[in-house]
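Enquirer: In the numbering used here, the protein residues as written are -19 to 129.
To be clear, the hints were calculated from the coordinates, so they are not data collected in a lab.
Mixed in with the good hints, there may be bad ones.
As the list claims (entries may be wrong) - Subject to a maximum C-alpha distance of 20 Å in a straight line, what follows is the list of computed SDA-like cross-link-like pairs (lysine to any residue): (1) 40 / 10; (2) 74 / 99; (3) 12 / 59; (4) 123 / 66; (5) 37 / 5; (6) 108 / 119; (7) 14 / 49; (8) 74 / -15; (9) 40 / 70; (10) 108 / -15; (11) 108 / 128; (12) 40 / 23; (13) 74 / 102; (14) 74 / 114; (15) 14 / 2; (16) 123 / 105; (17) -10 / 35; (18) 108 / -3; (19) 37 / 53; (20) 23 / 39.
To be verified - Label-pair distances were calculated between CB atoms; the ranges are: (21) 50 / 101: 32 to 42 Å; (22) -7 / 87: 36 to 46 Å; (23) 102 / 20: 25 to 35 Å.
Given the structure is predicted, the values throughout are model-derived calculations rather than measurements.
Where is the CB? At the ideal position from N, CA and C, for every residue including glycine.
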Amino acid sequence: MREAIGEAYKTAMKAGDKRRTATLRSINAAIKDKDIEARGLGKDALSDADILPMLQKMVKQREESLAIFTQAGREDLAVVEREEIAILGEFLPKGMTEAEVDAAIRDAIAKTGAVGGKDMGKVIAALKAEYPGRIDFGKASAKVKAALG
């Protein structure tokens, strides 16, 4: 993932795409900040599994800003946020459909042997391990809770 972001950054710079260059530069800066933080703690550089939640957080921040700008009638700023969300989305795994999420939840419940609400953590952990970045766990947790009764 790190290499793909780096290559996209170089391509954007050569093409003179200022929005894309700025967005990719902010991603690279965030990755480097986390790498430095990890080194200080005696850990290795970030893996793709560590970069993924960071990108998701960046998208979520921009979605929140987009909602605020849209509500305030600032379409000029909302356009920038939409563009940045699209650029960040290029590096995220494709999200699952509702039907796929429901099937994954049923499968995780069967694999973990979950029988009640107390086993919800096991099911969520299994989903996070098998489908990182592909499921919105805010929505999925409600479905898991309903499925477990």
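Enquirer: All hints, please: hold or fail.
Expert: For each hint, the structure was consulted:
no., hint, result
1, 40 / 10, "15 Å, holds"
2, 74 / 99, "28 Å, violated"
3, 12 / 59, "27 Å, violated"
4, 123 / 66, "27 Å, violated"
5, 37 / 5, "16 Å, holds"
6, 108 / 119, "13 Å, holds"
7, 14 / 49, "29 Å, violated"
8, 74 / -15, "17 Å, holds"
9, 40 / 70, "14 Å, holds"
10, 108 / -15, "23 Å, violated"
11, 108 / 128, "17 Å, holds"
12, 40 / 23, "26 Å, violated"
13, 74 / 102, "24 Å, violated"
14, 74 / 114, "6 Å, holds"
15, 14 / 2, "18 Å, holds"
16, 123 / 105, "14 Å, holds"
17, -10 / 35, "19 Å, holds"
18, 108 / -3, "35 Å, violated"
19, 37 / 53, "24 Å, violated"
20, 23 / 39, "26 Å, violated"
21, 50 / 101: 32 to 42 Å, "36 Å, holds"
22, -7 / 87: 36 to 46 Å, "43 Å, holds"
23, 102 / 20: 25 to 35 Å, "33 Å, holds"
When held up to the earlier numbered hints, the structure conflicts with 2, 3, 4, 7, 10, 12, 13, 18, 19 and 20 and fits the remainder.
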